[in-house]
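Please arrange chains B and C on chain A, whose structure you already have, making use of the hints.
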Amino acid sequence: MNFDELLGNFPALTITGLEQGAIYALVALGYTLVYGVLRLINFAHSEVFMVGTFTAFWTWEALGYDQNSAAPALGPLILALAAGLIVAGVASAATAVTVELVAYRPLRRRNAPPLAFLITAIGASFVLAESFGIGTSRAPFGMPTLLPSETLFTVFGAAVTNIQLLILGVTLVMMVGLDQFVNRSRLGRGIRAVAQDPDTAALMGVNKNRVILLVFVLGGLMAGVAALLWNVRYEFTKFNVGFLIGLKAFAAAVLGGIGNLRGALLGGLLLGVVENYAAGLFGGEWKDFTGFVLLIVLLMFRPTGLLGESLGRARA
Amino acid sequence: MTATVDKGRPAGFKARWAAMPKQVRWAALAALIVLLYILPNKWFYEYLGFPIGSEYFALYTTRSDFAGVLFDTAVFVLLAVGLNVVVGFAGLLDLGYFGFYALGAYTVALLTSPESRLGTEWPWLAAVPIAVMVAMISGVILGGPTLRLRGDYLAIVTLGFAEMIRLYAARSEGIAQGQRGIPGIPHPPGSGSDGKPLFGVVDARPYYWLLLTLILLVIVLVRNLANSRVGRAWVATREDEDAAEVMGVPTFKYKLWAFAIGAAVAGLTGAVFAGKQTFINSDQFVLESSILVLAAVILGGVGNIKGAIVGGAITWYLPEWLRGVGELLGVEFDAAEYRILIFGLVVIVMMIFRPQGIVPNRRRAAEFADRRQEAVPQEKVSSE
Amino acid sequence: MRQKLARVLGGVAISALVFSSAAACKADSGTEEGGNSAACGLKIGFFGPLTGDAAGLGIHMRNGTKLAIDQYNKDNADCKVNLEQYDSQGDPAKAPPLAQQAVGDAKVVGLVGPAFSGESEVGGPIFDAAGLPAITPSATNPTLTTKGWKVFHRGVGNDTSQGPAAGRYIKNVLKAEKVYVVDDQSAYGTGLVAEVKKVLGSVTGEDKVQVKQTNFSAVVTKIVGSGATALFFGGYYTEAGLLLKQLKGAGWKGTMVAGDGVNDALFIKVAGQAVAEGTILTCPCAPATAAKGTFVTDYKAAFENAEPGTYADVSYDIAKIYLEGIKAGKTTRADLLAFVKAYNKAGTATGVTYKFEASGELDPAQVVVWAFKVNAGKVVPDIEIPKA
Chain A
1 MNFDELLGNF PALTITGLEQ GAIYALVALG YTLVYGVLRL INFAHSEVFM VGTFTAFWTW
61 EALGYDQNSA APALGPLILA LAAGLIVAGV ASAATAVTVE LVAYRPLRRR NAPPLAFLIT
121 AIGASFVLAE SFGIGTSRAP FGMPTLLPSE TLFTVFGAAV TNIQLLILGV TLVMMVGLDQ
181 FVNRSRLGRG IRAVAQDPDT AALMGVNKNR VILLVFVLGG LMAGVAALLW NVRYEFTKFN
241 VGFLIGLKAF AAAVLGGIGN LRGALLGGLL LGVVENYAAG LFGGEWKDFT GFVLLIVLLM
301 FRPTGLLGES LGRARA
Chain B
1 MTATVDKGRP AGFKARWAAM PKQVRWAALA ALIVLLYILP NKWFYEYLGF PIGSEYFALY
61 TTRSDFAGVL FDTAVFVLLA VGLNVVVGFA GLLDLGYFGF YALGAYTVAL LTSPESRLGT
121 EWPWLAAVPI AVMVAMISGV ILGGPTLRLR GDYLAIVTLG FAEMIRLYAA RSEGIAQGQR
181 GIPGIPHPPG SGSDGKPLFG VVDARPYYWL LLTLILLVIV LVRNLANSRV GRAWVATRED
241 EDAAEVMGVP TFKYKLWAFA IGAAVAGLTG AVFAGKQTFI NSDQFVLESS ILVLAAVILG
301 GVGNIKGAIV GGAITWYLPE WLRGVGELLG VEFDAAEYRI LIFGLVVIVM MIFRPQGIVP
361 NRRRAAEFAD RRQEAVPQEK VSSE
Chain C
1 MRQKLARVLG GVAISALVFS SAAACKADSG TEEGGNSAAC GLKIGFFGPL TGDAAGLGIH
61 MRNGTKLAID QYNKDNADCK VNLEQYDSQG DPAKAPPLAQ QAVGDAKVVG LVGPAFSGES
121 EVGGPIFDAA GLPAITPSAT NPTLTTKGWK VFHRGVGNDT SQGPAAGRYI KNVLKAEKVY
181 VVDDQSAYGT GLVAEVKKVL GSVTGEDKVQ VKQTNFSAVV TKIVGSGATA LFFGGYYTEA
241 GLLLKQLKGA GWKGTMVAGD GVNDALFIKV AGQAVAEGTI LTCPCAPATA AKGTFVTDYK
301 AAFENAEPGT YADVSYDIAK IYLEGIKAGK TTRADLLAFV KAYNKAGTAT GVTYKFEASG
361 ELDPAQVVVW AFKVNAGKVV PDIEIPKA
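Chains as they are written, first to last, in the numbering used here: chain A, 1 to 316; chain B, 1 to 384; chain C, 1 to 388.
Take the hints with a grain of salt, since some may be wrong.
[To be verified] Here are the simulated lysine to aspartate or glutamate pairs, EDC-like style, with alpha carbons at most 20 Å apart:
{"hint": "1", "chain 1": "C", "residue 1": "LYS147", "chain 2": "C", "residue 2": "ASP298"}
{"hint": "2", "chain 1": "B", "residue 1": "LYS253", "chain 2": "B", "residue 2": "ASP240"}
{"hint": "3", "chain 1": "C", "residue 1": "LYS107", "chain 2": "B", "residue 2": "ASP203"}
{"hint": "4", "chain 1": "C", "residue 1": "LYS378", "chain 2": "C", "residue 2": "GLU324"}
{"hint": "5", "chain 1": "C", "residue 1": "LYS147", "chain 2": "C", "residue 2": "GLU361"}
{"hint": "6", "chain 1": "C", "residue 1": "LYS345", "chain 2": "C", "residue 2": "GLU324"}
{"hint": "7", "chain 1": "B", "residue 1": "LYS42", "chain 2": "C", "residue 2": "ASP78"}
{"hint": "8", "chain 1": "B", "residue 1": "LYS253", "chain 2": "B", "residue 2": "ASP242"}
{"hint": "9", "chain 1": "C", "residue 1": "LYS253", "chain 2": "C", "residue 2": "GLU206"}
{"hint": "10", "chain 1": "C", "residue 1": "LYS327", "chain 2": "C", "residue 2": "ASP128"}
{"hint": "11", "chain 1": "C", "residue 1": "LYS147", "chain 2": "B", "residue 2": "GLU115"}
{"hint": "12", "chain 1": "C", "residue 1": "LYS80", "chain 2": "C", "residue 2": "ASP105"}
{"hint": "13", "chain 1": "C", "residue 1": "LYS80", "chain 2": "C", "residue 2": "ASP70"}
{"hint": "14", "chain 1": "C", "residue 1": "LYS355", "chain 2": "C", "residue 2": "ASP335"}
{"hint": "15", "chain 1": "C", "residue 1": "LYS150", "chain 2": "C", "residue 2": "GLU357"}
{"hint": "16", "chain 1": "C", "residue 1": "LYS330", "chain 2": "C", "residue 2": "GLU206"}
{"hint": "17", "chain 1": "C", "residue 1": "LYS147", "chain 2": "B", "residue 2": "GLU121"}
{"hint": "18", "chain 1": "C", "residue 1": "LYS378", "chain 2": "A", "residue 2": "ASP66"}
{"hint": "19", "chain 1": "C", "residue 1": "LYS171", "chain 2": "C", "residue 2": "GLU206"}
{"hint": "20", "chain 1": "C", "residue 1": "LYS212", "chain 2": "B", "residue 2": "GLU288"}
{"hint": "21", "chain 1": "C", "residue 1": "LYS198", "chain 2": "B", "residue 2": "GLU173"}
{"hint": "22", "chain 1": "C", "residue 1": "LYS253", "chain 2": "A", "residue 2": "GLU150"}
{"hint": "23", "chain 1": "C", "residue 1": "LYS197", "chain 2": "B", "residue 2": "GLU173"}
{"hint": "24", "chain 1": "C", "residue 1": "LYS345", "chain 2": "C", "residue 2": "GLU357"}
{"hint": "25", "chain 1": "C", "residue 1": "LYS175", "chain 2": "C", "residue 2": "GLU384"}
{"hint": "26", "chain 1": "C", "residue 1": "LYS74", "chain 2": "C", "residue 2": "GLU324"}
{"hint": "27", "chain 1": "C", "residue 1": "LYS150", "chain 2": "C", "residue 2": "ASP128"}
{"hint": "28", "chain 1": "C", "residue 1": "LYS74", "chain 2": "C", "residue 2": "ASP105"}
{"hint": "29", "chain 1": "B", "residue 1": "LYS196", "chain 2": "C", "residue 2": "ASP128"}
{"hint": "30", "chain 1": "C", "residue 1": "LYS355", "chain 2": "C", "residue 2": "GLU324"}
{"hint": "31", "chain 1": "C", "residue 1": "LYS107", "chain 2": "C", "residue 2": "GLU324"}
{"hint": "32", "chain 1": "C", "residue 1": "LYS178", "chain 2": "A", "residue 2": "ASP4"}
{"hint": "33", "chain 1": "C", "residue 1": "LYS341", "chain 2": "C", "residue 2": "ASP363"}
Because the hints were derived from the structure by calculation, they are not lab data. Computed from a predicted model, the values in this text were never measured in an experiment.
For reference, chain A alone in the conformation it holds in the complex (with noise of 0.2 Å):
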């Protein structure tokens, strides 16, 4: 234990935790959307993920970005960005719909059991990933420096950059986003038709198999701007990239309460800066061990998570 490392760097291992949290949390928006209207784990967002760096990577390629060109100025980063954003968005929503189309579809049409979905969910995966994997010889891939980080303000000590302060803007935005969409579209109105009870809301005219392609879009396209932002921070992508934020995202989601958008954000961000406190007070081999048992001791107390389930407001 080192409560001086943990407390001496208090400020800057919150503003960190904050920033990894916040991709968490958007890329628990998939899960949760997905399981609120299906009930299913969807086991292939992971790789949704995966495809949505790879995309936005290779357009920055394509743009004429390699790993050693100097940072571009404003005009032209925004340029790359929303490329990057729009390619990853579109991949990534599209590599959903896909597997919906393929492996999930199909099945519940037969009706299957909801089981024969983990499975499909989780085949699906290992042919994304291994796809990804040969396509690109297993090699890690590091990337442009688009966005030099650069300390703006400090705040406790702790320096808060341009970066952080980006990953953390464009989450609020797509939260606040996707909440307003769901609660108060016409679209939005059906997801939640849908997730409360597909049967009674089939019968009141609502299609059921667009809501769920509606749904897949949704949880792609925050895939892939997390995905954007990813590539931003971290400038680095490997084709198994997406399995360990794939976990951490389904824990955080399970964390706020799966099936509950505000509760994805809550357990993202939560996710995020307790591992990074137990980083600092254990040392790094325990951050992911701190994750896990702060999921399973919250269970215990509150077993539907932060703020429960709630995509459909009627759910026990």
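Just chains B and C now, with coordinates in the frame of chain A:
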């Protein structure tokens, strides 16, 4: 209800089989078991008339030792049989089953190895019951507070548990010695007629036979359990927990039982594995394996021991067999690098065409058929 | 009853397959024996991860081995040697059937590998029992050569040769006062860090990370907060690159020192040229000789312009030892083992003189440890680190 099950099955054959005298059926079963014991022997294939170590026998793994693969497959089958008690009979989604397996293996390693930091150096056989106990007790400790959680929450808790075990084992300073691992675990005892130890290094067959025997024993136990009061309580809990509770079934107690039995089987498997492997480290207990065991159970058919066997065998055996499939087909194609990709595709396709598993549970298949008939006008989201 | 039905069905299916394939094979089993003399069609095995998380390392070793064999086959088209791959996924649990397969295949006379210490622990006794010579290009756990295996050799210096040298470099050349050490908890990383710590005496701070970790913010905060001017990292290139990049991003100005697991072109690819600049990489190998020049260009030509990764050169040299033995008519395992034991020549790719002690360890007198420096995106030799 059960009448619907027989659809699409070779009813004629089945009827004939059922009409056969009991002795014949027992003889057929015995023949199959004998065949399983003979399977890794090279003389068996030579007797059948083809040379060995080549691609002549279509089911032979040409890139890895057949007996070794059979042993690993048996490990997976036993794990699947154990997990089937948890997932199939009691309906508890356990994503961290490998954690108990790791506990069993590490218990044996710590108690027996001369290089363990405990320094006890027990013989292998003495450590096995302890390993089973440790796994079982930790099953109860984990299950006690968490089994009240609903399905998918239990999944993440068990997953977290398995990861915690692995992460703890991965610590280089911890008792499990991280990736450096624990070497020098003794083999099971016994020596052959020629005085050489029965369980050696190179030949995997004795281990396979040992495990096969254990599998048969565990199957007998589990079958009897499933057909007893306990088994009926499990079914009741799985189908509708609230109703079962109202009818006076102490569901929590039976769920805990299932969890503990599953954990004990995993601990036993881990103990045998450690005795064959002689060296274990944290790399051998990755999360993917937990997920693969679950895949095996579901692929085979949840709630059916036969299904677990078939699923377990396929999940391990198929990727190993795929290593050499290029040669088998006579094309210049090294499948080794693609085998996991192919396995993923096979799993998806199989689940689409046989969502209830390869060998479905009779009762579950009946439900499944019912639901299919209900869902005529609109697709129905499976919600459970 | 249905259960029994299925069993019988299964039994029938198996026996049907057995007999049908038996019938199929009898037809062509006659052709197998004819033609080949014993010395041709021999196989050299590569044992290491080709799929899974560690495959990035394994593929380069395999490629190095393959290059050597392909070159040999080009010169000896009438009597070729084949490469047999045993993909362990870096998982010791998957190693035994593969090791037994290698042992059971009489055509396999030598093995490049096992790549990691864990699978060597499991494979070693099996190879030993069958007398199959194995030279590992990369398993550096010192205890591997103390197990009494006659067939096991190590083509690189172990942790105890490289670690202290790295420590001496930090102490005597960098003259760093405040040194932080980080390892990735792998057998390789912890071994190196333990040796470095022995030489340095005391360190400013130490921490551990996990293999596959990508977010190093906690350890970065600690290192920056500690005011360390040098960091020794025990681990592999991916984590090293990411850690260094995040450190520099947080404004750290010190120097990172790392072992041969980081001495890989991919390290610069992950970290980026600007970040990697000035990093010191130790390696129990000599710098580019004139001969090494062709290895790098040959490798690039053979594998789609890929930079040879860590241990690709060692694997190449090891494969060449076997090939030289086979060329000299040592076509049985026993002969080849004796040939390896007596070998005393410098490898063309690494410049290391391969001479093994009785234990299988590379002769310590032959182990030179060099410090390399990242300079303008290239790993260039810096100095030979003097022995203690």
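Going down the list of hints, with the structure as the test:
| no. | hint | verdict |
| --- | --- | --- |
| 1 | C/LYS147 - C/ASP298 | violated (37 Å) |
| 2 | B/LYS253 - B/ASP240 | holds (15 Å) |
| 3 | C/LYS107 - B/ASP203 | holds (19 Å) |
| 4 | C/LYS378 - C/GLU324 | violated (32 Å) |
| 5 | C/LYS147 - C/GLU361 | holds (12 Å) |
| 6 | C/LYS345 - C/GLU324 | holds (11 Å) |
| 7 | B/LYS42 - C/ASP78 | violated (33 Å) |
| 8 | B/LYS253 - B/ASP242 | holds (14 Å) |
| 9 | C/LYS253 - C/GLU206 | holds (18 Å) |
| 10 | C/LYS327 - C/ASP128 | violated (24 Å) |
| 11 | C/LYS147 - B/GLU115 | holds (12 Å) |
| 12 | C/LYS80 - C/ASP105 | holds (17 Å) |
| 13 | C/LYS80 - C/ASP70 | holds (9 Å) |
| 14 | C/LYS355 - C/ASP335 | holds (17 Å) |
| 15 | C/LYS150 - C/GLU357 | holds (11 Å) |
| 16 | C/LYS330 - C/GLU206 | violated (50 Å) |
| 17 | C/LYS147 - B/GLU121 | holds (18 Å) |
| 18 | C/LYS378 - A/ASP66 | holds (16 Å) |
| 19 | C/LYS171 - C/GLU206 | holds (17 Å) |
| 20 | C/LYS212 - B/GLU288 | holds (14 Å) |
| 21 | C/LYS198 - B/GLU173 | holds (16 Å) |
| 22 | C/LYS253 - A/GLU150 | holds (15 Å) |
| 23 | C/LYS197 - B/GLU173 | holds (15 Å) |
| 24 | C/LYS345 - C/GLU357 | holds (14 Å) |
| 25 | C/LYS175 - C/GLU384 | holds (16 Å) |
| 26 | C/LYS74 - C/GLU324 | holds (14 Å) |
| 27 | C/LYS150 - C/ASP128 | holds (6 Å) |
| 28 | C/LYS74 - C/ASP105 | violated (24 Å) |
| 29 | B/LYS196 - C/ASP128 | holds (17 Å) |
| 30 | C/LYS355 - C/GLU324 | holds (15 Å) |
| 31 | C/LYS107 - C/GLU324 | holds (17 Å) |
| 32 | C/LYS178 - A/ASP4 | holds (18 Å) |
| 33 | C/LYS341 - C/ASP363 | holds (11 Å) |
Going down the numbered hints, you'll see the structure goes against 1, 4, 7, 10, 16, 28, while the others check out.
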